[in-house]
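With numbering that gives the first Met the number 0 applied, the sequence shown covers 0 to 317.
Hints in this document: simulated from the structure, not taken from any laboratory.
Misleading hints may appear alongside valid ones.
[To be verified] Lysine-lysine pairs mimicking BS3-like chemistry, simulated, CA-CA at most 27 Å apart:
#1 Lys-228 with Lys-314
#2 Lys-153 with Lys-95
#3 Lys-95 with Lys-66
[Claimed, not checked] Each pair of labels, with its calculated beta carbon distance range:
#4 Phe-74 with Trp-194: 45 to 51 Å
#5 Pro-240 with Ala-304: 39 to 45 Å
#6 Glu-89 with Val-190: 30 to 36 Å
#7 Pro-53 with Arg-311: 39 to 45 Å
As the structure is a computational prediction, the values presented were derived from the model and not from experiment.
By construction, the Cβ of each residue, glycine as well, lies at the ideal position given by its N, Cα and C atoms.
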Amino acid sequence: MTLLPTRERASTPPPVRKKAAGGRRSTARRRQAPAAWLLAAPFLMLFLAFMLLPLAWSLVMSMTDTKSADLRTPFAVGFVGLDNFVRLFEDPVFLKALGNTAVFVLVGLPLTLAAGLAVAVILDRGIRCFRSVFRVGFYLPVVTSVVAVAVIWKTLLEPRAGLVNTVLAWVGIDGPAWLADTRTALPVMIVMAVWRNLGTVMVIMLAGLQSIPNSLIEAAELDGAGPWKRFRHIVLPLLRPATLLTSVMLGIWYLQFFDEPFVMTQGGPLDSTVSATFYAYRQFGFGNYDLAAAAGYVVFVLIAALTALQFRLLKDDT
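With the sequences and hints as input, model every part of the structure.
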């Protein structure tokens with residue numbers, strides 16, 4: 000009887016051993032699961048108590064006639080369905096707030112993206128000295144409290160003693176009452192938001208620019224592509240992930256803008272700076288918790304719709 004060579008006689012471990020090893024791993028996972036849930040329990044309890052339950056209860060409030068007097072008897076309120084949402088869209092002040100919010104987003108978002116990208120390109124290609132100083136300078140407003148920024152801007156824009164009108168008076172220009180004029184109050188807040196948030200866009204775009212291989216730029220330059228063509232056909236497409244990230248972040252922030260009108264104008268003059276979130280805040284102050292909750296969910300739907308649109312337009316399919 001001829002024996003097989005040693006190499007042929009060697010065989011892989013039988014499938015039974017693989018199953019046994021897999022069974023040991025699954026058993027180890029089952030043993031570790033209680034410890035994992037125990038460690039995650041504090042976070043889950045806090046998330047349930049301060050996030051999920053308030054969200055669920057606010058949804059219930061938006062479909063009831065809850066007022067401030069009903070806090071002691073929250074289960075005695077009446078169910079009204081979608082009537083609160085109908086009342087919202089019949090309220091001219093809420094429609095004005097939605098219009099102000101739309102202007103703030105549609106004007107402020109592109110301006111912030113363009114300004115942040117321009118600063119990032121300048122810091123990446125144009126400035127050779129003191130780059131760190133410029134980066135810190137542009138990013139400093141981001142880490143500064145928005146309330147402090149709003150107070151400083153309000154002081155600068157005082158019609159009589161403010162620095163802006165004082166400088167304009169030196170050149171013979173009579174500056175307006177910036178925050179008391181319906182034509183200038185909202186544009187001033189848009190400019191302030193662009194100035195404050197362009198640092199965030201700058202940092203993200205600068206990271207995206209520095210991740211682009213120089214070989215692509217050099218190859219396009221050798222092929223005769225000018226600066227604008229290189230920027231349009233190479234840099235911008237490669238910056239789509241960074242553009243998506245920044246646009247989604249800014250869209251969420253700008254749809255919820257509240258601190259600026261709260262500190263600077265209290266929604267005036269003539270409701271020209273009332274935002275959707277500021278309208279909800281007012282309704283809470285008036286004791287209309289049902290309308291305030293409904294307004295909050297309208298903002299939530301707008302955020303979801305804008306984010307979905309941005310993903311559809313800017314998502315990198317490659």
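For this session: Determine whether the Cβ-Cβ distance between Pro-240 and Ala-304 falls within the hinted range of 39 to 45 Å.
Result: Given a distance of about 21 Å, which is not inside 39 to 45 Å, the answer is violated.
Exercise. Does the alpha-carbon distance linking Lys-95 and Lys-66 stay inside the 27 Å limit?
Worked result: 24 Å, holds
For this session: Could you say whether the range 45 to 51 Å given as a hint is met by the Cβ separation of Phe-74 and Trp-194?
Result: Holds - the Cβ-Cβ distance for Phe-74 and Trp-194, about 48 Å, lies within 45 to 51 Å.
Problem set entry | Status of the given 39 to 45 Å range, CB of Arg-311 versus CB of Pro-53 | Since the Cβ atoms of Pro-53 and Arg-311 sit about 30 Å apart, the hinted range of 39 to 45 Å is violated.
Problem set entry | Lys-153 paired with Lys-95 [C-alpha distance capped at 27 Å] | 23 Å, holds
Problem set entry | CB-CB spacing for Val-190 and Glu-89 relative to the 30 to 36 Å hint | 33 Å, holds
Exercise. Lys-228 and Lys-314: Cα distance at most 27 Å?
Worked result: 22 Å, holds
Consistency with the previously given hints fails for numbers 5 and 7, ordered from lowest to highest.
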